[in-house]
Amino acid sequence: SVYPVIPAEKSRYASISKTKTFAPARRDPDYLFAQLFRNLESACIKARRYRLSPRRIALFLKTQDFRVFGTDARLNRPSARPLEYTELVDERFRTLFEPGVLYRATGVVLLDLVPDATVQYDLFEDPLRVEQVERLYAAADHLAGKFGKHTVYLGGSHPLQQQGTGKRGKPTARAETRLPGETARKHLGLTFFHVTTDDDAG
Numbered sequence: 016s017v018y019p020v021i022p023a024e025k026s027r028y029a030s031i032s033k034t035k036t037f038a039p040a041r042r043d044p045d046y047l048f049a050q051l052f053r054n055l056e057s058a059c060i061k062a063r064r065y066r067l068s069p070r071r072i073a074l075f076l077k078t079q080d081f082r083v084f085g086t087d088a089r090l091n092r093p094s095a096r097p098l099e100y101t102e103l104v105d106e107r108f109r110t111l112f113e114p115g116v117l118y119r120a121t122g123v124v125l126l127d128l129v130p131d132a133t134v135q136y137d138l139f140e141d142p143l144r145v146e147q148v149e150r151l152y153a154a155a156d157h158l159a160g161k162f163g164k165h166t167v168y169l170g171g172s173h174p175l176q177q178q179g180t181g182k183r184g185k186p187t188a189r190a191e192t193r194l195p196g197e198t199a200r201k202h203l204g205l206t207f208f209h210v211t212t213d214d215d216a217g
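Each position in the sequence shown, counted from 1, maps to that position plus 15 in our numbering.
Hints in this document: simulated from the structure, not taken from any laboratory. One should not assume that every hint holds.
The calculated lysine-lysine pairs, modelled on DSBU-like cross-linking and capped at a C-alpha distance of 30 angstroms, are [as the list claims (entries may be wrong)]:
{"hint": "1", "residue 1": "Lys77", "residue 2": "Lys33"}
{"hint": "2", "residue 1": "Lys61", "residue 2": "Lys164"}
{"hint": "3", "residue 1": "Lys77", "residue 2": "Lys161"}
{"hint": "4", "residue 1": "Lys161", "residue 2": "Lys61"}
{"hint": "5", "residue 1": "Lys35", "residue 2": "Lys77"}
{"hint": "6", "residue 1": "Lys33", "residue 2": "Lys161"}
{"hint": "7", "residue 1": "Lys161", "residue 2": "Lys35"}
{"hint": "8", "residue 1": "Lys35", "residue 2": "Lys164"}
{"hint": "9", "residue 1": "Lys61", "residue 2": "Lys33"}
{"hint": "10", "residue 1": "Lys77", "residue 2": "Lys61"}
{"hint": "11", "residue 1": "Lys61", "residue 2": "Lys35"}
{"hint": "12", "residue 1": "Lys164", "residue 2": "Lys77"}
Values in this document were obtained by computation on a predicted structure and should not be read as measured data.
Given these sequences and hints, build the entire structure.
And the structure:
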């Protein structure tokens, strides 16, 4: 059968997932947590764009030999702001990670998505802090619109900024070569060719 082409951008989601495969495989827990947390930040950015919030999140690690280990957790209330559940993600990551094992991919899935409507606080939450987090993410999303995604990011994913996102954990040549007006996240989709001349060869 032939499916019709729908030119409009998708606006309804049952779930939102983000994964990252990297080479070489890594066993460094800080690097792996950074990749997992960047997955979470990217998924939540998309959820906020569509004004959705997950009730549950699922996390997984894939080993070098393609075994997948995952866990899921229900949030106290729907939220697409990772700062509100960093401790939960850290706790679940520790249950998945096995020292000495080589991992090749990380992933996050946002589940049970609901409209990001009026917040229902529980008895133990600080409404002022929740509102501060909302304002913080509103500002972060505004900056991302001007300067590119992940202009503002949480400390959990900082090792990626230090090590780079190239195939071997290093910045790509294109990432290190910026044209006037480009930023780390916003740049033209141009391929650069590095040619060695006779003068360069000595």
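Checked hints:
1. Lys77 to Lys33: OK: lysine 77 and lysine 33 at ~13 angstroms, within 30 angstroms.
2. Lys61 to Lys164: holds (10 angstroms)
3. Lys77 to Lys161: Violated, because 34 angstroms separates the two Cα atoms, which is more than 30 angstroms.
4. Lys161 to Lys61: holds (16 angstroms)
5. Lys35 to Lys77: Status holds; Cα separation ~10 angstroms.
6. Lys33 to Lys161: Holds, at roughly 23 angstroms.
7. Lys161 to Lys35: holds (25 angstroms)
8. Lys35 to Lys164: Since the Cα atoms of lysine 35 and lysine 164 sit roughly 16 angstroms apart, the hinted pair holds (cutoff 30 angstroms).
9. Lys61 to Lys33: Measuring from Cα to Cα gives roughly 10 angstroms; hence the hint holds.
10. Lys77 to Lys61: holds (23 angstroms)
11. Lys61 to Lys35: OK: lysine 61 and lysine 35 at ~16 angstroms, within 30 angstroms.
12. Lys164 to Lys77: holds (25 angstroms)
Hint 3 from the earlier list is the only one contradicted by this structure; the remaining hints agree with it.
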